[in-house]
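Protein chains: 2
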Amino acid sequence: MEKFTRLRERLGHIADVQAAQAVLSWDQETYMPAGGGEARAHQLATLGRLGHEMLTDDEIGTLLEAAAAEVAGLDPDSDETRIVQVTRRDRDKAVRVPASLVSDLARATALAQQAWAQARTQNDFASFRPHLERVLELTLQKAEALGYEESPYDALLDEYEPDMKASEVTAVFTHLRAELVPLVEAIAERPALDDACLRRDFSTAAQWAFGEAVIADFGFDFERGRQDRSAHPFSTNFATTDVRITTRVVENFLPSALFGTLHEAGHAMYEQGVDRGLDRTGLAAGTSLGIHESQSRLWENLVGRSEPFWEHYYPKLQGEFPDQLGAIDRAAFHRAVNRVEPSLIRVEADEITYNLHVMIRFELELELVAGTLAVADLPAAWNAKYEEALGLTPPTDADGVLQDIHWSFGLIGYFPTYTLGNLVSVQLFNQAAQDLGDLEGQIGNGEFAPLRAWLQEHVHRHGRKFSAQELLQRITGGGLDAEPWLDYARGKFGALYGI
Amino acid sequence: MEKFTRLRERLGHIADVQAAQAVLSWDQETYMPAGGGEARAHQLATLGRLGHEMLTDDEIGTLLEAAAAEVAGLDPDSDETRIVQVTRRDRDKAVRVPASLVSDLARATALAQQAWAQARTQNDFASFRPHLERVLELTLQKAEALGYEESPYDALLDEYEPDMKASEVTAVFTHLRAELVPLVEAIAERPALDDACLRRDFSTAAQWAFGEAVIADFGFDFERGRQDRSAHPFSTNFATTDVRITTRVVENFLPSALFGTLHEAGHAMYEQGVDRGLDRTGLAAGTSLGIHESQSRLWENLVGRSEPFWEHYYPKLQGEFPDQLGAIDRAAFHRAVNRVEPSLIRVEADEITYNLHVMIRFELELELVAGTLAVADLPAAWNAKYEEALGLTPPTDADGVLQDIHWSFGLIGYFPTYTLGNLVSVQLFNQAAQDLGDLEGQIGNGEFAPLRAWLQEHVHRHGRKFSAQELLQRITGGGLDAEPWLDYARGKFGALYGI
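Residue numbers (the working numbering), protein chains in the order written: chain A, 1 to 499; chain B, 1 to 499.
Treat the hints with caution; some may be incorrect.
Chain A is faced by these chain B residues, among others (derived, beta-carbon under 10 Å) [stated by the list, open to error]:
| no. | residue |
| --- | --- |
| 1 | Ala-19 |
| 2 | Gly-37 |
| 3 | Ala-239 |
| 4 | Val-243 |
Listed next, with one range per pair, are the computed distances between beta-carbon atoms [unchecked claim]:
| no. | chain 1 | residue 1 | chain 2 | residue 2 | range |
| --- | --- | --- | --- | --- | --- |
| 5 | A | Glu-133 | B | Gly-478 | 27 to 35 Å |
| 6 | A | Ala-331 | B | Phe-222 | 46 to 54 Å |
| 7 | B | Ala-99 | A | Pro-98 | 23 to 31 Å |
Note that these hints are calculated values from the structure, not bench results. Quick reminder that beta carbons are idealized off the backbone N, C-alpha and C, glycines included.
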């Protein structure tokens, strides 16, 4: 295994450079002073170029070939075999993208992130527009370089949801939308659930402490991670032993920080749970963004917005906020955090309409990539789709097209994975419930270790060894399926709304 | 200037990697969870190796030769000429140190920093000892690789105070000590100054805000910098537009955070003041640690512990802490912050005895490097020297040999620059006072812009273009001189103690 050992050493160096990039990005979103943006753009561009050069270096190609021969006799599911296989796929893709394009993208997106943050604060899409145009132009160049069969969008989607095609997403989304719309309509005909109790004054410090206490109970390891603030919540990792999450706190809207924290902790526990045997390889990460999102949504929604969860935590929350919640009973609070209502901001949307937010972005991306929509026309197109799907027009671009950081990062093809994650979360949760017996009872007792261990065993530890499809097949015996989520949604919200 | 332009592009990439390293080190000291240490050590080692490889690359050597020819006709003090000259010196030194040693040192020091932090908390030198032994061993290898004429210590000192020799430091320190000891003795014979008013309960948040308000007045630019907490205060920069400082807050000892903040801001304003024309070169930094320390000590002591400074700020400080300081008059407070007393902790020592702390470390380093002192015997040697020089024996190693982070970073040869900085600070301050007229009056009015501009003009903007000796020659017409500091110390403390 001499070549494999040398390969791993090289992969370690690449992982180090990628981790450094992640640290610099994290710092940019959390602590970096405004004046540091230009220099940071240079730094990220250089690290991006170096990481790309190191992965595409001829010697890695040679070592991969030699290592493939060395591992040929091993179990096809062994770490060694999968490291060679997944790295080869990554390298083949990286070789197709020129180093200059990688560097240009890194610089353009670093500047675009700064411009986005300012544009959002100042509600000024015009100042962000040239940055987004540049990012889109470079992203399309990347799609061409990567190659595709049906549509350039497939090449971009493959970065986040390997092996998935835009046409498959369209098919799933079309089916889902057809079932969702009647459910949203049925809910709209019922009396609204009252969530006024969530809109009282909740101190930042107490919100922060409560969220961190819950995720510590879930199993987020603060020895190997931490939470900071940023304009837009995210999770990132520099190693399985250093996984960072961020959230934002809204003093007069309790769900924002709390469910943001539970969500990002779901992502983070996935990264913290990857087997140490994959350390400092490209496999020490989630296997696809859909699977990643299944973890965040599972903890945020299937656990965090469930009745048993609040059986355990509501008395504690009332203890923290006696003036605000003392007179609100648990059932009323549970209804409040599950209120369904068409709204403008994706990250604050309910479980049902969230998917409409995703579909809007997916449709807009398809048009941007196809060239049938110009960036200049994006705010109008955004607003029109919100009016059509949700019956709302954003009063400002800050509440509309500027709300998400993703496009400034060049993350085009990323949004659909959010809804894929919702679907998978229920597939996994149902299987866990079947395997663990009384999962609801465990959650009601604040016992999260069995669920966490189940996810670790079946999902987390494998990192990127198995594709999303392989993983689902191993766990459920089948593939992606929207029906379990639809059953869950109809059951839960049917009961809540008396449909 | 085609080759020069290509050289600058390459130097930009090297600066980016070094900046990334600095970000990762900053994060390690401020926010990184404990579990992240091992991975961070790998990341820093890889970045250190890459930066070293990039600087020692043959093409940089070729470009430097070609660029030297291109700039031959320019003003010898031009940015272009100095960039070539200083980079050549840096590269010549870097070429002498093998990449493997750079990498080993980066990894060993990253691990040693973690071990030091834990050892200090747990007062457990034994757990730090093997790390320090390894760091010393590698540092001695580095000294041999760099080469020297008189002593391996010279090769290490040259990293921090270019062109200075251990024998010169010894000569200056011997003279200084001969004059210092009678002053300390004369002070000891006088009644002690009462500093009980500094040891009351001062809220962390108010201390933090007061310190930040003062350095904002000084001219520290928070758009291009920030302050965070760490176990040991430091300053670092990722660009002249992103300069970070840290401090620590002790609730019942006011000077710790405040003077730490003023000190680090002095360093940081130097970095923030470097001319943008040197951006993304190795010259966008302070020219030597002695000159760097002259800036921190100037703002901390010559400004921050002066009578005119407190004329301006004491009413404000009393306003923040009326219960603690309302009954203490300004003269009493000024005496309190200037109390001279032999103590155990360098960073909390007074202006006079501080230099004895430095001399102890310098002497111990000389012995460690000469091999006449083993790391195992360091705590005993440390304690013996403290007893001899200051009449005190540390009750624990945490208050003794474990108090400083420096050696865990591999910073051997660094300590003497603190005292060199003290000496230079007075040389510069006297010249500024001569040029600016009523400097004391300006400080008394809270007008720091003239002093800041003078330092920017004469020191900051040049970055590393001129050596410490050149800079002193340009400003004062002479070289390093201990007499101005001795005159200052005798005058100030003679008056305070009625000697």
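For each hint, the structure was consulted:
1. Ala-19: holds (5 Å)
2. Gly-37: holds (8 Å)
3. Ala-239: Constraint on Ala-239(B) satisfied, holds at 3 Å.
4. Val-243: Since the shortest Cβ distance to chain A is 9 Å, the answer is holds.
5. Glu-133(A) with Gly-478(B): 27 to 35 Å: violated (58 Å)
6. Ala-331(A) with Phe-222(B): 46 to 54 Å: holds (48 Å)
7. Ala-99(B) with Pro-98(A): 23 to 31 Å: Since the Cβ atoms of Ala-99(B) and Pro-98(A) sit about 28 Å apart, the hinted range of 23 to 31 Å holds.
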